[in-house]
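The listed protein sequences derive, respectively, from chains A and B.
Counting in the numbering used here, the first sequence runs from 1 upward without gaps.
Counting in the numbering used here, the second sequence runs from 1 upward without gaps.
Calculated directly from the structure, the hints in this document are not laboratory data.
Certain hints may be false.
Each computed SDA-like pair below joins lysine to any residue, with the alpha-carbon atoms no more than 20 Å apart [unchecked claim]: (1) A:Lys372 x A:Leu464; (2) A:Lys164 x B:Gly85; (3) A:Lys164 x B:Lys181; (4) B:Lys181 x A:Arg455; (5) A:Lys164 x B:Thr164.
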Amino acid sequence: MSSAIPHALVFLPELVILLMAGVVLGVTVTGSEPVIQYQRAQRLALWTTLLVLGALVLTQLDPAAGWEATGGFILDPLAVLFKGSIVSGTLMTIVYGGRYWHSERPMMPEYHLLILFALLGMMVMASASNTLMFYLGLELMSLSLYALVALDRSNPEATEAAMKYFVLGAVASGMLLYGFSLLYGLTGSLELDALGVAMSQGLNHDPAMILAFLLVISGLMFKLGAAPFHMWLPDVYHGSPLPSMLVIGVAPKLAAMVFILRLMMESGDGLNGLFADVAVICALLSIIIGNLAALMQTNLKRLLAYSTISHMGFIFLGFSAADTSGYAGATFYMFIYLLGFMAFAGSLVYLSQSCDAETQSDDIGALSGLYKRNPLIAAVMAVSLFSMAGVPPTAGFFAKLAVLMSAAQAGFLWLVVVALIFSVVGAYYYLRIIRYIYFETGEEKTALMESSGNRVFLGLNGLLILVLGCMPGLLWQFCYTMLANNSYL
Amino acid sequence: MHAIFFYMFAVIVVLSAIGVITASNAVHSVMWLVACFIATSGLWLLMQAEFLAIVLVLVYVGAVMVLFLFVVMMLNVKNAPLREGFTRYLPIGGVIVLTLGIEFALIFLDGRFDLNHYPVPEAYPADYSNTRELGRILFTEYVLPFELAAVLLLVAIVAAIALTLRRREGTRHQDPVQQVKVRAKDRVRLVKMPVESPKEPLNKSGRRRL
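With the sequences and hints as input, model every part of the structure.
Here it is, written out as structure tokens:
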């Protein structure tokens, strides 16, 4: 380690978040009306994400500046790629979820403050080049997320979900930390670079090294919600308020995924065989459990949780290839999943703002006849569901194609066949929701509230899924070049 | 001498840690945890980390554990429901613990972490200041993690307040903005009134004036 403090420009995005979080904190403690505080906090949080995106572009003026890992911080193409997507996901979360809290639900100004802190944690995770920084970022993110889930105190289910999330999250953090401590004991360094060196010196066949990696990867799989560690996901999604579900849905998974990618790339050829085995088992379990369990759900949040588990399976399918195209496929899949999840969950938030109580429930029946009541939202939901199911004109098809292709090229043909069979099973429950939206006729209901500005953004989100479905090459190529350019490969 | 103290403290740490999870009374658990922390600080003293050892006792035993005790005593935790389902989950939990235990034992008992794999640390000179070195390294090499940890604590405060502060309707609270903005003439209002004649002994509220 040459100098502990990297060039200030390198962590400009983080500085912007921290500064703005301070401003939002100031807003939440001054002024007496919670409604006004809330609206100010929301506006500031929105501007923060836009500023951070700008700052991220600024850091790329001298792209090679952040490549040297200093003080546990690195800004290589991998970090830039994921940071961009994390900030975009958070931006969508604030736009879609911000209007959920209104006069009937408690308006907590802290909601946006906690989102900003979680964002800071995720940004640090994406840039962490040593285990200490990663762990601190992870805890910063997790603590904010636990609080976000518990924020709706009037709802006992939310408290229960937060408690489960907290306890299981602590266990996962413990596993991760134990793995990190073993890695430190074996290599004598916190840096990830040192791992690669240790690998080349023959530590890769050391059982203790393998155990350490397994512990770390288990902790990360928990954060992703991949199969053997998926138990918390349905309960937490079910219990948490909708906008908090938007927050924990995608961006934290992106942040955890960066570290998996870093570990896999850093360990070089040493442990990739092991990683591929773990990824195969995890992909198989996730795809089977996620899709089968989702079939039986009538609660939309639980259904979304199980569908998340199955999507994580597909991402691990990409990891199993353990080469650049596999990693790029998994990244591409994650981005497409981000769009699909946000469009669907954002629509759910939009519907929950409507006045009648029935549409506010999370039951699948609440969607019946939505087509007649709000054609635009119905169309957005349909597009996102088709994308998650992997139906051709949407981007989801190419995402599945990318991971399946790379897994097939890596020789896991049987796994591809199983994944295909279960994605057909999965298509059933996605299409069932579409059936409710378009072909079921609910009893007489009034048209939905039209005043929200979210419709435009939701419409654009749906359109983006279709456009990416027509020309997936752009994003795919971008993911591939960014990953191939990365210093570790 | 060193080894004797090390093993003494180590045994206390392990035994009291077992005590924490097996004690049936929550207060006893907390006391075991206190013993565990004190023995750990002893271990740190042996490693010449005096500052950390003192901080551990001051902060954890002195502040955190006392709070713990307060909370435990106020909550009146019943033990019976905690043990519920113990036998039901024992088979699967036992299998996992046994597998992990054997795995860990196989890996760690083959002498991999024996002392002869690691160089003997040099003894520090007499004027060596543990606190100064810690401060130096915290604000140079580890300044980023240090600041992050500070943000982490801030998040904990914000989350704790957000989750426990209740905004009741009709509570009277001070508005700092209004307090700062206040001017002298808002406080005291001088009213010019005509001198009242003594023939009218009653004022508006009907009370007799003195």
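Here's how the hints hold up against the structure:
| no. | hint | verdict |
| --- | --- | --- |
| 1 | A:Lys372 x A:Leu464 | 23 Å, violated |
| 2 | A:Lys164 x B:Gly85 | 17 Å, holds |
| 3 | A:Lys164 x B:Lys181 | 46 Å, violated |
| 4 | B:Lys181 x A:Arg455 | 42 Å, violated |
| 5 | A:Lys164 x B:Thr164 | 18 Å, holds |
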